[in-house]
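Engineer: Top line first, the protein sequences correspond to chains F and A.
Just so we're aligned, residue 3 is where the first sequence starts under this note's numbering, counting upward by one.
Just so we're aligned, residue 884 is where the second sequence starts under this note's numbering, counting upward by one.
Treat the hints with caution; some may be incorrect.
To list a few chain F residues with every Cβ distance to chain A over 12 Å, as calculated [to be verified]: (1) K39; (2) R49; (3) E143; (4) G235.
Just a few of them, taken from the derived set where beta-carbon distance is under 10 Å, the chain F residues facing chain A [unchecked claim]: (5) D12; (6) G13; (7) L20; (8) S29; (9) G31; (10) E32; (11) Q33; (12) L36; (13) F53; (14) V76; (15) R198.
Below 20 Å or equal to it, Euclidean Cα-Cα: the simulated EDC-like pairs (lysine to aspartate or glutamate) are [unchecked claim]: (16) F:K61 - A:D933; (17) F:K61 - A:E1040; (18) F:K81 - A:E927; (19) F:K54 - F:D27; (20) A:K1041 - F:E18; (21) F:K54 - F:D43; (22) F:K81 - A:E1015; (23) F:K54 - F:D82; (24) A:K938 - A:E1015; (25) F:K61 - A:E997; (26) F:K54 - A:E1043; (27) F:K54 - A:D981; (28) A:K1041 - A:D950; (29) A:K890 - F:D27; (30) A:K1041 - F:D10; (31) A:K938 - A:D950; (32) A:K890 - A:E927; (33) F:K54 - F:E18; (34) A:K1041 - F:D83; (35) F:K54 - A:D1021; (36) A:K938 - A:D1021; (37) A:K1041 - A:E998; (38) A:K938 - A:E927; (39) A:K938 - A:E887.
I should point out that these hints are in silico values taken from the structure, not numbers from a laboratory.
Even for Gly, the Cβ is constructed at its ideal location relative to N, Cα and C.
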Amino acid sequence: MADIHTLDIDGLRRDELLSRFLDGDLSAGEQADLEEKLANDAGLRARLESFKRQDDLIKASFRAKSTTVSPILVARLQKDDTQPAPSRWQGQTAGIGLAASVVLAVTVGLLGLQAGPGSENGFEMDASLAQALSQTPSRAEGWDALDDDRNFRAVLTFPAASGNWCREFMVARNEDHWRGVACRHDNSWVTQVMAREVFLEESNGYRTASAADVDQVSRFIDAEATDVALSAGQEAAVIDANWR
Amino acid sequence: MLSETKKAQLMAELVGLKRFCVSLTGDSADADDLLQLTVERVLERGMPEDAHVAKWSYRVCRNIWLDELRSREVRQRYAAAASTTDAMQSGGTGDGFDRLELERVDAAMESLPEEQRSALLLVAVEGRSYAEVAEILDIPLGTVMSRVARARRSLAEKLE
Chain F
3 MADIHTLDID GLRRDELLSR FLDGDLSAGE QADLEEKLAN DAGLRARLES
53 FKRQDDLIKA SFRAKSTTVS PILVARLQKD DTQPAPSRWQ GQTAGIGLAA
103 SVVLAVTVGL LGLQAGPGSE NGFEMDASLA QALSQTPSRA EGWDALDDDR
153 NFRAVLTFPA ASGNWCREFM VARNEDHWRG VACRHDNSWV TQVMAREVFL
203 EESNGYRTAS AADVDQVSRF IDAEATDVAL SAGQEAAVID ANWR
Chain A
884 MLSETKKAQL MAELVGLKRF CVSLTGDSAD ADDLLQLTVE RVLERGMPED
934 AHVAKWSYRV CRNIWLDELR SREVRQRYAA AASTTDAMQS GGTGDGFDRL
984 ELERVDAAME SLPEEQRSAL LLVAVEGRSY AEVAEILDIP LGTVMSRVAR
1034 ARRSLAEKLE
């Protein structure tokens, strides 16, 4: 009688075969054999489907949380900057710029899985904001309603060195304003940098809460933009082409 | 110094490399540091003209992480580092999966041995062939097949 320490050799072989099938690693003969077995074995088909489902989940998970690369790192690569930046490793202190960009980077283009307009941070990304980024033309002043309590303004669109389109934009809720840049990655908007602005009074307009934060937005655009911002006509064409 | 072509190729690999870093470290802050050190190392030391940029950079990345792990063992810092908050956990997906499912698969992935997790990520997420993974991880082709299959099998058990 088998105990828990007995290796399930047949199961291992079956799973390796299914795994190789999923990864396109079987020879034509092996593939034909397996397809025949799959046609006649519901259990085998179910096992294959569960592997496929797992793969989809893993892809979704990794793509949702790991698509953000620090714009500072990208800029350093572009400039052949070999000067080592501070790192938490090897006894060094964390790089301020890189750490900030990590904390601030938020994946967008998500469908209702993140905190929405009711969250503490009105800038947090959700389907509404991603849709606004995809569809709203840039404007110099005024706002477009994003949802119940947030307003949105696309400021400009520019091509990044990575070849992706990026947009500077603003989000307002009550007296709070955020300014940021998001770029297209894998058919989603990914926030690259953001800064919060503080409303003072109507006559004075807005004062930034932290000049350094807003400078970060400017620095990002300076480092990333490979051309001037698109004209209204060019931007409309890109929007129509669904940012391809 | 890297040629413009190689630089552009490396640029195109950054997002995939970042995912690989997350897979290796299991921690977003460490992943950013690892990616940074990988790019610095490649920029500083360059690579042979005939080198495949993706394979080369993934290998550099993995070697840096192994060095760091060894260093941490010496400094007995691993436990502290592993408890670092993952700032990217607020991410999500628009692929139709709910957060609970993703959290379960995340937990299951993190419980896999690192060598299985890396192999599965490179194949299933990055779409690398077994031959490419064998080169990146510096292991025989048969070991790649076995690690990927065992990873899927373990995940199935954990997620059932």
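Engineer: State for each hint whether it applies.
Structural biologist: Cross-check of the supplied hints:
1. K39: holds, 17 Å
2. R49: violated, 8 Å
3. E143: With a cut-off of 12 Å, E143 of chain F remains clear of chain A, as the shortest Cβ separation is near 31 Å.
4. G235: The claim holds: G235 of chain F sits with its nearest Cβ about 29 Å from chain A, beyond 12 Å.
5. D12: violated, 12 Å
6. G13: holds, 8 Å
7. L20: Hint holds; L20 of chain F Cβ to chain A Cβ min 8 Å, cut 10 Å.
8. S29: violated, 13 Å
9. G31: violated, 17 Å
10. E32: violated, 12 Å
11. Q33: Violated, because the Cβ-Cβ distance from Q33 of chain F to chain A comes to roughly 15 Å (cut-off 10 Å).
12. L36: For L36 of chain F, the interface hint is violated, since the closest Cβ of chain A sits about 14 Å away, which is over 10 Å.
13. F53: holds, 5 Å
14. V76: Holds, about 7 Å.
15. R198: Hint violated; R198 of chain F Cβ to chain A Cβ min 17 Å, cut 10 Å.
16. F:K61 - A:D933: Distance of about 31 Å is beyond 20 Å: violated.
17. F:K61 - A:E1040: holds, 19 Å
18. F:K81 - A:E927: This hinted pair holds, its Cα atoms lying about 12 Å apart.
19. F:K54 - F:D27: Answer holds: K54 of chain F to D27 of chain F is near 15 Å, not above 20 Å.
20. A:K1041 - F:E18: holds, 17 Å
21. F:K54 - F:D43: Distance ~17 Å between K54 of chain F and D43 of chain F Cα, so the pair holds.
22. F:K81 - A:E1015: It is violated: about 29 Å lies between the C-alpha atoms, which goes past 20 Å.
23. F:K54 - F:D82: Distance of about 41 Å is beyond 20 Å: violated.
24. A:K938 - A:E1015: Distance of about 7 Å is within 20 Å: holds.
25. F:K61 - A:E997: holds, 17 Å
26. F:K54 - A:E1043: holds, 14 Å
27. F:K54 - A:D981: Distance of about 17 Å is within 20 Å: holds.
28. A:K1041 - A:D950: violated, 30 Å
29. A:K890 - F:D27: The hint is violated at about 31 Å.
30. A:K1041 - F:D10: Holds. K1041 of chain A to D10 of chain F sits at ~17 Å (cutoff 20 Å).
31. A:K938 - A:D950: holds, 18 Å
32. A:K890 - A:E927: holds, 12 Å
33. F:K54 - F:E18: holds, 14 Å
34. A:K1041 - F:D83: violated, 44 Å
35. F:K54 - A:D1021: violated, 27 Å
36. A:K938 - A:D1021: Distance of about 10 Å is within 20 Å: holds.
37. A:K1041 - A:E998: Since the Cα atoms of K1041 of chain A and E998 of chain A sit roughly 18 Å apart, the hinted pair holds (cutoff 20 Å).
38. A:K938 - A:E927: holds, 17 Å
39. A:K938 - A:E887: Holds, because 18 Å separates the two Cα atoms, which is no more than 20 Å.
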